[in-house]
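Protein chains in written order, with the numbering used here: chain X, 2 to 681; chain B, 71 to 321.
Because the hints were derived from the structure by calculation, they are not lab data.
These numbers come from a predicted model, not from an experiment.
Even for Gly, the Cβ is constructed at its ideal location relative to N, Cα and C.
Hints should not be assumed to be uniformly reliable.
Pairs of lysine-lysine, DSSO-like flavour, derived with a Cα cap of 30 angstroms [to be verified]:
(1) Lys107/X x Lys167/B
(2) Lys48/X x Lys167/B
(3) Lys167/B x Lys413/X
Here are some, though not all, of the chain B residues that point toward chain X, as calculated from beta-carbon distances under 8 angstroms [said to hold, decoys possible]:
(4) Ala164
(5) Val172
(6) Ser174
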Amino acid sequence: MNGLRSLWNKFFGNSSRAFGSMSVILLLSLAIAPAKDFFSEWRHAQKNYVKLIRTRADAVTLERHVEPGLQQIWHPELGVVDRCTTCHLGLKEASLSNVTQQPFAKHPPIPHSLTQFGCVICHRGQGTATTEREAHHSTDSWEEPLLPANYIEASCGQCHLSPLRGTPTLNEGRRLLASEGCARCHNIKLADGSVVVPTDDPPELNHIADKTTREWIFAWVKNPQAYAASSTMPNFGFSDDDARDISAFLVAQSTKGPYPARTVKAASSDPNTVQQGASLYGQSFCASCHATQNAAGNLVGGDFGPELTRVGSKLKPEWLESWIRDPATYDPETRMPHFRLDDKQVGLISNYLQSKTDSDLLANVHLEPATQKQAEHGRALVLEYGCASCHQINGVKKPENFAPDLSRIGSKPFAQLAFPAGVEHTLPNYLTSKISKPRAFGAGLKMPKFALTTPQVDALATALLSLTSRANALPASLRIATQHESHYQPAGKAGQLISDLRCFSCHAFNGRGGTMAPDLSWEGSSVQREWLVDFLKNPNTLRPALIRRMPKFNLTGAEINTLTDYILTVYQNPAFDRDEIAPSSLTPQLAEQGKQLYYSKYSCQSCHMIDAQKDKGYIGPVLSQAGLRLTPAWTYQWLRNPQALRPGTIEPNQHMDDADAKALTAYLMTLKLRAKQGGN
Amino acid sequence: MANNIQHYIDELHQHRIWRSVFRSGSGDSNLHRAQAVQSNVFLHLFAVKSRRRMLEFSATWYLGALTFGTFLVLVITGILLMLYYHPSVPQAYADMKDLQFVVSSGVFLRNLHRWSAHAMVFLVFAHMFKVFYRGAYRPPREFNWVIGVVLLLITLLLSYTGYLLPWDQLAYWAVTVGSNIASAVPLLGQKIRFMMLGGNSVNANALLRFYVLHCMVLPLTAIFLMAIHFWRIRKDGGLYAPDKPAKEGTK
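Here chain B stands alone, though its shape is the one from the complex (with noise of 0.2 angstroms):
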């Protein structure tokens, strides 16, 4: 029975469209797993090989993962949402209501978006605390802190449009307050404020701009660094080891 089933297994490996999507082929040879790796466009981001200990828990806290996880969920979620809204005045708030009360597990759907952001807030502020405390952010890793820095401004810009969207008063007067600190911006402060809003007062046309940067140009722009910071881990090569092992250290 194993054998049989390990047999189909390979027989579909060695097929041709598995071979026209795989061209690696398989093995246990480290050049197999190196070719593996190397021809896939989601693995080649990731080193070649990595150092067991770096895979264990206490190493990095799996804190990179988690935000990259909790991402993937919002990405998920905020798309199944995107099937409910329509951002504008009349219907925003109305949408809001249909999926507490109609849409099925709309209730679900809405907390699990909130409660993720939240915790990839938390989960990129942790990452980075555990980053800059193990001193991993030092040559040559310099550049991957800056792309890290740049997300985490995303990571929270993205928090701040989502909180438009349901056009509540607690989200209309939130986005007042926002664009009000933006204007305090000496000279250009108007005009950054008008740029947000795309007027002068928190409107359709606001809710529009923050649907766009919340549902397309943040995510995306997040998606394209988010490659960069995984690629240059191992351009830096790989997960930050410190020389000596930590001296209460048992790895």
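Pulled out of the complex, with its shape left as it was, chain X reads as follows (with noise of 0.2 angstroms):
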């Protein structure tokens, strides 16, 4: 106690001592500041990284590219302030590549420059922070919390806004929001201003009561997945009474379709029949769109149109018919071609997919008589969960800004989300929740549940994660804009036959249509005239490894001229004269110097195939009819640089001259193996 006493004295004991003590002590605290200064994190980091490097071979070089202090990647239009290469001091170092230990690891080999754009445009964060803390774990105060590396794709969407090689899952992604139907309800505006199209076909329901029955639309609304795992439509989770409720206004709501009422025979269930109907489905190629189950379970066939595997529990034997007679008198806008079977090829292929039932669909479905009151109960219910976004139904406008805009959504801030119990809080998180258990939000939420695998929910993920504010806010010039399709449509008698037959469905003319099939806009440089009267007869696989292929559509010999003389004409390359070379100049001898190059130098046969027997290139099309299908022109022009005529085709450019073309031209031309006519 004394001894306290004296120590008190001795620096307290008058006013000019404790005014000394104090000014030491007021001295010592202010001295915390620079101390907490000179002891920072980053100084730790960047004496370790010293430490680390002295250890290695090239210890030399290394150091020399250290600089000491902060570091910072400053770019002021981009909005860029990022000092995360103060800690991350390895990033460029290639002899780093073997080093786990964060924060001196190498970054993985990307297209850019690590100064172009920063570290925070790809990774968000905190970039101007020069603590671990603040740079990485702000979540709950900074915007943009760190972006986990499964998602990292979304970021090179913020300018990439077409499909890029080094992203599947962005590409996948951004495919769903289209195929499964996500723009229907939500509005998405990507940076470049273009909106997602969406690119599935769900069918009006106007007239549905001709299509199928009440108890498959309840068994369907209830649960489409039941019917067929590959489809699109979501589930609901209607009860019971909600899913007869809809059905009784549906059936009560449809109309009378506008074809031919036709009487139609009863069903057959010869075998025999049974077999020639399903002959027929596989010889028109059905199966190139649409997919069935085989008895394994598995689904072969296409994804393009709906899958077949149970149609005979669903569709009406009238109104099948009707339907593969010509699809378009019942629906104008689908994507079906218009088969030109007769009637007796109609009735087996219709007889075919009507054997294809399944018992156990309908069997516990039981439905009174619809009441009026249960009529209105489910137009109610179809205006709540907005049915109409995606069908036409009767007395039903398609809803708008029903559900939230996802332009944004990417950015969207923790305060603005609420969680369900047991999600962790981060925005990747909330997204992959929402889309794979929309329901468990709420009660009262409409999203339903897509049938989706874990993959195609990051994908969907991934997608929405780059529609982020930034990339809105980024100069333009750094912008791949959408490629924007075109709304080219065909003229004349052949346009309407090209719209007849669906064409755009699976080709590409002039930047319109699909990538199923070739693009077609420069056909008419491409092939000779009796190949493709030929072919439109009877279409033949040029493409041994693919299972698609094109229908048949059995045309008359008409309209197969209409469309030769048509595609010939108009589908021109404009770079080249398709009979700049005359066969004439081909000479024998040019051939035979051309066949020594096609087998040695440049060894098209690990790729093509002329002699069945003999070669096994399985990956471009078949060549023994080249002499009979191309032109000597386009030939010649395809191998002087094929991406030139077709961008991105995988035929390697050989940087061939002049003279080894033409002897190549010359020998391919000599091909001409008739194909056995008559067969299919």
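With the hints as a guide, bring both chains together as one complex.
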């Protein structure tokens, strides 16, 4: 006690001692601030980095690259002030590729220079910060927390608005945004002002009672995936009563379709007839677009049209026949072509499809006749759940702005999100749970559950995370815009035929159309007339590795002539004349020389087949008919530079000189193996 | 040694330059002391004589002096902060981040400024309560009380205008709310709000206006009024002392 007192007297005994002691205490406490600066986290990291590189073989080179002090990547026009490189010192050092200790690891290779855009534009986080906690983990207070690495492709999508080779997840997500019909309820505007256009094809329901039964509608509305696992129609989780009332309303609103009523023969279960229908189904290449489940439960066939595994339990025979005869009379917007089938063929295919039933599907569905009240309630449900966002329904208008706008969802601040219990509070978690379990966010919500796999959900989240405010704020010159689809429409009689056959569903012409089949914009320069006529009569595949093939439309001679004339005159490449190489200039000697080149210098046989017995090339088209199919001018130009004629084609550009290309052309023009006539 | 130092100090005091600055000369007589006070622009604000008892802690709790001390800290840190701050929309918040992460002792500067501001508001109130409950506002000190009230308002306005300058969400909404309160004034409300913000919403003009008010207009007015405040203490007869010592008091 006495000791304490004497100590007190020593330092605070009188006013001048107290003043002196207080001054020293003040000075010491003022020294805390510069000391904290000096012993900062980033200086510690830099010391550790130097320690690390000193142990390595190329220490001298590495040390020469180190600049002590705060580092910063500064791009005022991009709003980038990134000090990440203060601690992440080894990002550019190729020789540190085996270092896993953070923050010193090397950055994986990317197509951009690391300093071109800084770090935060892709990784988010707080770039100005110089402590790890503030830079990486400031999730509650910072609007853009660090983006988890598995969604990093979202950042590419801020500038690259069209598909990119290195971003498969993002591309898939964007495809799903369009094909799953997300854009039918949500408005999704990209940074260049273009809007995501849905590519799914939900049927109109104006005449649904012609097409199917109320029992089927009930089962479908309750669980679409029970009918077809691949269906894009989502599950709304309707109760039995709700499904009953919706089916009552849909049948009540349905009007008679605009096609002639015909009497239909009762379905025949004779295995022979069914077998005939099945082979006609195969010959018409229906499976190019429609899938069916095989015995093993796997889907076989295309996903362009609806799955047909249980179609016999769904469609009414009268409707099915009119549809196969000419789909456009029922749905003018359909993507299905008009196959020119005669009554017998229509009957066979219809009969085959009717045999594809599933007795379990409707086994437990027993509906009493609908009452007025049920139909009214059904209509209220249809309005509430926005069914008309996708489907045309008599007397129900397509709702506008039905669901929240998603154009800036990738920058949505935390404060504006409501998370269900058990979901970690991050934006990617919010998006994936919202897509996979929408009703977990509240019982009254309308968003249905889509049949999506986990990778698909992640892909969608990636695409949504690319829709940021930054994407809109970046200079427009950085943006690689979406390719706008043209509204090209061919003219005249041929144009009508092209529409009727729905060529645009699979082929593209002048920037409009599908990607399933080759682009035909320059078909007129590339093929010979006789071959095209034969092909349209009886399409045979050029690529043996592909399952999808062009269907047989059963065109008449006059129709084929119209189409051929139009294709050969209109779809010409302006860069060269299709007749510029006279067949007489391709001498047999030249052809012999070309054959040598084909098998030795260029080894074309590794991808292409000429002799089906001998060659093994399955990647490119078969060339045994090249001399009948292709024009010499096209062949020559193609060999010189394939990408000039078809950008993105996988045919390698061999930078062939003029003489080699000429010789190869001469050889290819001698390949004139006639296909067997009559067979399919 | 001690004599030597004393000799040098005396010589310095007699030097021509020293005498040109401090004309009164040195000396221990009351006259010399009074002359020293009166010929100094700062010291002349204060009374020539004070009662020893009024310098005790218990007399004033030093509340006025402490308030002035925090004001000085605020001026010094404020000037240092001004060296790193641009009152512009794109730059203001980025400058906060620079102060936080790259300026040496930047966080310390900001925190010192902020806590001193809080302390000043607290001390001003404490000072006023002390004056009020001791009855020190009564004549002849009623005018100095009025100046004190104006200084209170200026202190509060300094706090309010400084709040916008970091240009973060907190600042933005605080000032939005504050200016909306001003617009509730009958008839003139909208005009007052427009004048405060230099527009109809909190934006670049508001930031500039608040910056000018915070760094120029309000501090200068405060300094001017403080000078009068201190000078009036002297003119009103020094610090207020009750006629009779407090009953239980020992002094």
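Hints versus structure:
no., hint, result
1, Lys107/X x Lys167/B, "27 angstroms, holds"
2, Lys48/X x Lys167/B, "24 angstroms, holds"
3, Lys167/B x Lys413/X, "22 angstroms, holds"
4, Ala164, "7 angstroms, holds"
5, Val172, "6 angstroms, holds"
6, Ser174, "5 angstroms, holds"
Checked against the numbered hints above, the structure violates none of them.
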